[in-house]
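**Q** Here are the chains, one letter per residue:
There are 2 protein chains.
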Amino acid sequence: MQKIIEIYDTTLRDGSQAEDISFSVDDKLRITEKLDELGIHYIEGGWPGSNPKDAEYFKKVKKLPLKNSVITAFGSTHRPKIKVENDSNVKSLIASEAKIFTIFGKTWDFHVTEALKVSLEENLELIFNTITYLKKYAEKVFFDAEHFFDGYKDNSEYALKCLKTAEEAKADCIILCDTNGGTLPAEVAKIVKDVRQSINVPLGIHAHNDSDCAVANSIVAIINGAVQVQGTINGFGERCGNANLCSVIPNLQLKLGYRCIDDYKLKKLTEVSRFVYEIANLIPFKRQPFVGESAFAHKGGVHVSAVRKRPETYEHIRPELVGNRQRILVSDLAGKSNILKKAEEFNIPLEPNSLEVQAIVDAIKTLENEGYQFEGAEASLELLFRKTLGLKRKFFDLIGFRVIDEKRKGDEPTLSEATIMVKVGKNIEHTASTGNGPVNALDNALRKALERFYPELKRVRLKDYKVRVVNSGKGTASKVRVLIESGDDEDVWSTVGVSENIIEASWQAIVDGIEYKLCKEKIKKGEI
Amino acid sequence: MQKIIEIYDTTLRDGSQAEDISFSVDDKLRITEKLDELGIHYIEGGWPGSNPKDAEYFKKVKKLPLKNSVITAFGSTHRPKIKVENDSNVKSLIASEAKIFTIFGKTWDFHVTEALKVSLEENLELIFNTITYLKKYAEKVFFDAEHFFDGYKDNSEYALKCLKTAEEAKADCIILCDTNGGTLPAEVAKIVKDVRQSINVPLGIHAHNDSDCAVANSIVAIINGAVQVQGTINGFGERCGNANLCSVIPNLQLKLGYRCIDDYKLKKLTEVSRFVYEIANLIPFKRQPFVGESAFAHKGGVHVSAVRKRPETYEHIRPELVGNRQRILVSDLAGKSNILKKAEEFNIPLEPNSLEVQAIVDAIKTLENEGYQFEGAEASLELLFRKTLGLKRKFFDLIGFRVIDEKRKGDEPTLSEATIMVKVGKNIEHTASTGNGPVNALDNALRKALERFYPELKRVRLKDYKVRVVNSGKGTASKVRVLIESGDDEDVWSTVGVSENIIEASWQAIVDGIEYKLCKEKIKKGEI
Numbered sequence: 001m002q003k004i005i006e007i008y009d010t011t012l013r014d015g016s017q018a019e020d021i022s023f024s025v026d027d028k029l030r031i032t033e034k035l036d037e038l039g040i041h042y043i044e045g046g047w048p049g050s051n052p053k054d055a056e057y058f059k060k061v062k063k064l065p066l067k068n069s070v071i072t073a074f075g076s077t078h079r080p081k082i083k084v085e086n087d088s089n090v091k092s093l094i095a096s097e098a099k100i101f102t103i104f105g106k107t108w109d110f111h112v113t114e115a116l117k118v119s120l121e122e123n124l125e126l127i128f129n130t131i132t133y134l135k136k137y138a139e140k141v142f143f144d145a146e147h148f149f150d151g152y153k154d155n156s157e158y159a160l161k162c163l164k165t166a167e168e169a170k171a172d173c174i175i176l177c178d179t180n181g182g183t184l185p186a187e188v189a190k191i192v193k194d195v196r197q198s199i200n201v202p203l204g205i206h207a208h209n210d211s212d213c214a215v216a217n218s219i220v221a222i223i224n225g226a227v228q229v230q231g232t233i234n235g236f237g238e239r240c241g242n243a244n245l246c247s248v249i250p251n252l253q254l255k256l257g258y259r260c261i262d263d264y265k266l267k268k269l270t271e272v273s274r275f276v277y278e279i280a281n282l283i284p285f286k287r288q289p290f291v292g293e294s295a296f297a298h299k300g301g302v303h304v305s306a307v308r309k310r311p312e313t314y315e316h317i318r319p320e321l322v323g324n325r326q327r328i329l330v331s332d333l334a335g336k337s338n339i340l341k342k343a344e345e346f347n348i349p350l351e352p353n354s355l356e357v358q359a360i361v362d363a364i365k366t367l368e369n370e371g372y373q374f375e376g377a378e379a380s381l382e383l384l385f386r387k388t389l390g391l392k393r394k395f396f397d398l399i400g401f402r403v404i405d406e407k408r409k410g411d412e413p414t415l416s417e418a419t420i421m422v423k424v425g426k427n428i429e430h431t432a433s434t435g436n437g438p439v440n441a442l443d444n445a446l447r448k449a450l451e452r453f454y455p456e457l458k459r460v461r462l463k464d465y466k467v468r469v470v471n472s473g474k475g476t477a478s479k480v481r482v483l484i485e486s487g488d489d490e491d492v493w494s495t496v497g498v499s500e501n502i503i504e505a506s507w508q509a510i511v512d513g514i515e516y517k518l519c520k521e522k523i524k525k526g527e528i
Numbered sequence: 001m002q003k004i005i006e007i008y009d010t011t012l013r014d015g016s017q018a019e020d021i022s023f024s025v026d027d028k029l030r031i032t033e034k035l036d037e038l039g040i041h042y043i044e045g046g047w048p049g050s051n052p053k054d055a056e057y058f059k060k061v062k063k064l065p066l067k068n069s070v071i072t073a074f075g076s077t078h079r080p081k082i083k084v085e086n087d088s089n090v091k092s093l094i095a096s097e098a099k100i101f102t103i104f105g106k107t108w109d110f111h112v113t114e115a116l117k118v119s120l121e122e123n124l125e126l127i128f129n130t131i132t133y134l135k136k137y138a139e140k141v142f143f144d145a146e147h148f149f150d151g152y153k154d155n156s157e158y159a160l161k162c163l164k165t166a167e168e169a170k171a172d173c174i175i176l177c178d179t180n181g182g183t184l185p186a187e188v189a190k191i192v193k194d195v196r197q198s199i200n201v202p203l204g205i206h207a208h209n210d211s212d213c214a215v216a217n218s219i220v221a222i223i224n225g226a227v228q229v230q231g232t233i234n235g236f237g238e239r240c241g242n243a244n245l246c247s248v249i250p251n252l253q254l255k256l257g258y259r260c261i262d263d264y265k266l267k268k269l270t271e272v273s274r275f276v277y278e279i280a281n282l283i284p285f286k287r288q289p290f291v292g293e294s295a296f297a298h299k300g301g302v303h304v305s306a307v308r309k310r311p312e313t314y315e316h317i318r319p320e321l322v323g324n325r326q327r328i329l330v331s332d333l334a335g336k337s338n339i340l341k342k343a344e345e346f347n348i349p350l351e352p353n354s355l356e357v358q359a360i361v362d363a364i365k366t367l368e369n370e371g372y373q374f375e376g377a378e379a380s381l382e383l384l385f386r387k388t389l390g391l392k393r394k395f396f397d398l399i400g401f402r403v404i405d406e407k408r409k410g411d412e413p414t415l416s417e418a419t420i421m422v423k424v425g426k427n428i429e430h431t432a433s434t435g436n437g438p439v440n441a442l443d444n445a446l447r448k449a450l451e452r453f454y455p456e457l458k459r460v461r462l463k464d465y466k467v468r469v470v471n472s473g474k475g476t477a478s479k480v481r482v483l484i485e486s487g488d489d490e491d492v493w494s495t496v497g498v499s500e501n502i503i504e505a506s507w508q509a510i511v512d513g514i515e516y517k518l519c520k521e522k523i524k525k526g527e528i
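Chains as they are written, first to last, in full-length UniProt numbering: chain A, 1 to 528; chain B, 1 to 528.
Keep in mind the hints are simulated off the structure, nothing from the lab.
It is possible that part of the hints are untrue.
Unchecked claim - Straight-line distance between alpha carbons at most 27 Å, and here's what the computed DSS-like set of lysine-lysine pairs gives:
{"#": "1", "chain 1": "A", "residue 1": "153", "chain 2": "A", "residue 2": "60"}
{"#": "2", "chain 1": "B", "residue 1": "466", "chain 2": "A", "residue 2": "286"}
{"#": "3", "chain 1": "A", "residue 1": "34", "chain 2": "A", "residue 2": "426"}
{"#": "4", "chain 1": "A", "residue 1": "3", "chain 2": "A", "residue 2": "59"}
{"#": "5", "chain 1": "A", "residue 1": "190", "chain 2": "B", "residue 2": "409"}
{"#": "6", "chain 1": "B", "residue 1": "190", "chain 2": "A", "residue 2": "426"}
{"#": "7", "chain 1": "B", "residue 1": "255", "chain 2": "A", "residue 2": "153"}
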């Protein structure tokens with residue numbers, strides 16, 4: 001019998017307090033659906049008393065057909081000197097009609113007197129009254145014991161008294177919060193064990209990552225008797241963030257034998273992580289454990305050759321269990337074994353000890369020195385392989401292009417237009433196009449010029465466009481690296497360009513994207 | 001008496017095995033100097049046997065006048081079927097002339113037979129011979145027990161036998177490595193304690209972050225008797241990275257009372273972290289504990305008002321101890337108390353309950369919805385405050401600009417040129433400039449046009465330029481957000497622009513950058 005651990009997600013509330021994150025109501029609803037698919041037990045939707053956006057969310061979320069998750073609403077104990085039934089925050093909680101309310105209250109004496117500015121006795125009343133009152137309107141009330149660990153270290157008697165009060169008020173779960181994130185694992189273990197001896201209500205853990213120990217702290221709390229973990233997808237949250245559920249869940253489930261979500265749902269973890277990054281409009285953190293793009297990426301030569309023989313030599317779990325995958329990286333560190341593995345992937349015949357392998361290694365080194373990076377641009381890499389091996393065809397010649405961006409007054413928009421002349425065989429095509437910006441105009445013009453000769457390009461679209469300053473800070477003439485993702489109905493591919501001129505860098509990546517597509521078509525037809 | 005813990009940095013070796021990281025020899029030397037300033041005990045410079053770049057590093061590093069750090073060279077036990085003195089890897093170590101060698105060897109039986117493909121007995125000989133031989137050429141030899149934790153769990157007898165062999169060979173420190181990063185803190189604690197009982201040589205810990213527990217694992221190993229921590233700045237490293245020294249050091253020193261580096265050097269930690277990001281050409285991870293830009297950034301309204309009264313309410317340490325600082329963020333979550341704090345910083349008088357405060361909150365909300373972000377663009381924010389309060393002057397009117405990027409053949413570079421016409425008072429200036437790209441050309445042309453009227457602009461330079469696709473994936477017409485850092489001899493300031501057209505977005509940020517400078521000059525002269 002596996003012990004069940006409840007997962008409580010607060011991405012939509014604590015997560016949205018992170019710098020750079022601002023979810024719209026629609027964003028929050030989309031994330032809710034995704035968390036429900038993942039099988040998360042509780043989704044803290046927001047703090048209806050704090051802003052109108054969250055109140056609107058609670059109205060709309062009721063219409064979502066959720067299968068697994070229960071929505072909870074967050075709020076605080078009622079304000080001093082106001083009756084609980086008249087407190088606007090408490091009223092908004094009830095108005096949210098959530099089935100579960102999570103109430104945070106002070107348990108650190110210093111906070112009670114310094115931040116809340118009430119007596120220690122009064123604070124106990126606030127806790128008792130709020131929980132007792134809200135129990136009438138909800139299936140369950142959870143109590144978040146704010147700053148519990150700091151409070152316990154300062155004045156354990158009072159901190160415990162707060163929990164006892166919540167227990168008497170019939171809270172359904174008491175969550176020990178390391179609000180400032182400063183507590184280390186050994187202390188968490190000891191304190192949870194202590195609390196377990198005097199409190200009978202189920203305990204939860206809510207850890208912040210200020211000491212870089214939020215995941216470890218969550219795990220040791222569970223090992224020592226807590227049964228609920230609060231955290232966020234990707235560890236989003238105020239300051240250094242919350243315990244990262246993308247790490248907590250697989251650790252508990254795959255390594256310690258607890259049961260959090262169904263195994264087949266765990267395979268969605270990587271997808272959910274990236275979805276939430278996408279909605280939050282943040283670049284995924286590559287080195288993120290379990291779900292990061294680099295989490296199972298091998299670069300060092302020794303590692304690559306071993307992991308090719310037996311993955312478990314350098315992989316702590318099978319990446320598929322969390323929906324991730326193994327990647328072999330190409331780089332100047334790695335040497336020939338990576339090149340051979342890549343050639344295999346690309347279906348390009350290559351002799352292990354041939355001069356060609358060395359030629360490819362050299363070409364990559366030279367380009368990497370100039371700022372190119374092929375780890376995120378596999379289509380450009382494949383073209384480089386083909387070019388070095390004399391397998392690349394030329395599909396067109398550029399005679400010239402011109403891009404014009406014009407603004408005719410301070411308050412008018414900037415308009416972009418590109419003209420282009422290309423030669424395909426003996427035909428010359430001269431055309432023009434506008435766009436949302438210079439790169440878009442250029443991309444439109446080039447595809448327009450080539451479509452007459454290569455109709456398969458009609459279905460190709462520019463899907464994503466990224467720019468990175470390569471040698472930022474190293475002088476005014478910074479190089480930029482452009483990464484472009486192109487796609488059609490069947491496939492998606494990425495290409496790269498580097499130059500001091502962003503238009504030149506974009507041009508290189510656009511051309512690679514088109515040549516890659518044309519090359520694949522030729523291969524499909526058996527013409528290469 | 002504080003117990004001393006030795007810090008062993010492997011940013012230059014294990015760190016460089018991270019995806020996206022490729023250090024030049026010069027980069028490595030600059031990082032070495034910085035780590036020396038920080039007072040790191042050992043700097044693992046590289047693996048001289050693995051690539052010529054590292055061999056060159058060891059030649060050059062000898063000329064650096066280091067004050068605190070000792071350079072170590074990394075390598076493996078000698079190859080089977082070759083005498084230790086004939087092994088090329090061992091020879092390169094000796095040729096490096098480093099004072100300390102760190103040798104990794106297998107201790108997991110599975111790896112011995114599957115990856116190394118030798119008998120268990122032979123592996124012990126490799127360990128013994130390599131250490132004994134190298135001791136003659138170095139002040140110290142450290143033994144990295146690769147995959148020790150996995151090995152110990154699988155076959156503790158053999159794993160310990162490997163350590164015993166290293167001890168007999170007179171290794172000066174034996175480092176227990178969690179190479180795959182899969183071990184959790186409770187196991188690390190137990191295993192280190194076990195090993196401590198049978199090994200007398202000082203122990204070290206080398207943890208990887210695949211379970212998101214590398215920092216916690218390092219700390220529990222120290223608590224249980226290890227005296228050396230290996231890790232990297234910012235946690236760079238293969239896959240999910242190594243234990244992050246920027247978290248390990250302050251945890252050990254500020255919270256557990258160990259002594260790692262001098263307290264006054266600890267104040268350089270944030271600077272060193274950002275320097276290494278800069279050299280590695282990576283965007284710093286904002287939520288990084290202790291040293292990240294968001295590590296002491298407060299956004300939620302409740303937190304902001306409390307932290308203004310007493311910082312320790314939501315800060316686990318004083319940020320200055322690690323050279324970081326408190327930041328109050330402006331965002332739609334935060335409300336009026338942040339706006340008032342900001343106005344104070346900007347030295348703009350603002351009444352707490354005035355209509356103006358609400359007008360600023362509304363303006364920020366509207367712009368944030370459109371994709372603007374002011375957290376990294378304080379100069380634009382200050383201009384927005386001034387504009388909303390009617391305190392902003394107009395310094396010029398744009399009559400129009402045109403930017404042309406031209407490429408005249410497939411193999412020629414793209415050239416960029418901008419023409420611009422502006423009106424200052426009654427004067428019209430019409431001029432043109434080239435640039436390394438369209439934005440650079442436009443920036444040059446605008447400053448050229450205005451310098452006649454505002455000579456103070458001659459000293460202003462564009463220092464950094466960042467582009468972010470704001471709603472990537474949400475359709476083809478992505479918005480971009482441009483962040484520009486401008487500066488002169490005295491000051492640096494950041495501005496933002498958002499548009500579907502990158503030229504328009506850049507224009508907005510450039511104009512803000514110039515207006516900010518002109519505004520500050522007026523204030524300085526008492527004219528505003």
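**Q** The structure should be examined with respect to each hint, and the outcome stated for every one.
**A** Hint by hint, here is what the structure shows:
For the proposed pair residue 153 of chain A and residue 60 of chain A, the alpha carbon gap of about 42 Å is over 27 Å, so the pair is violated. This hinted pair checks out: residue 466 of chain B and residue 286 of chain A have alpha carbons roughly 19 Å apart, not beyond 27 Å. For the given pair, residue 34 of chain A sits about 53 Å from residue 426 of chain A by alpha-carbon distance, which is inconsistent with the 27 Å threshold. Of the pairs offered as hints, the one joining residue 3 of chain A and residue 59 of chain A is violated, with about 35 Å between alpha carbons and a cut-off of 27 Å exceeded.
Taken as a hint, the residue 190 of chain A and residue 409 of chain B pair is broken in the structure, with Cα atoms around 71 Å apart against an allowance of 27 Å. Taken as a hint, the residue 190 of chain B and residue 426 of chain A pair is broken in the structure, with Cα atoms around 75 Å apart against an allowance of 27 Å. Taken as a hint, the residue 255 of chain B and residue 153 of chain A pair is honoured in the structure, with Cα atoms around 13 Å apart against an allowance of 27 Å.
Against the hints set out earlier in the document, violations occur for numbers 1, 3, 4, 5, 6.
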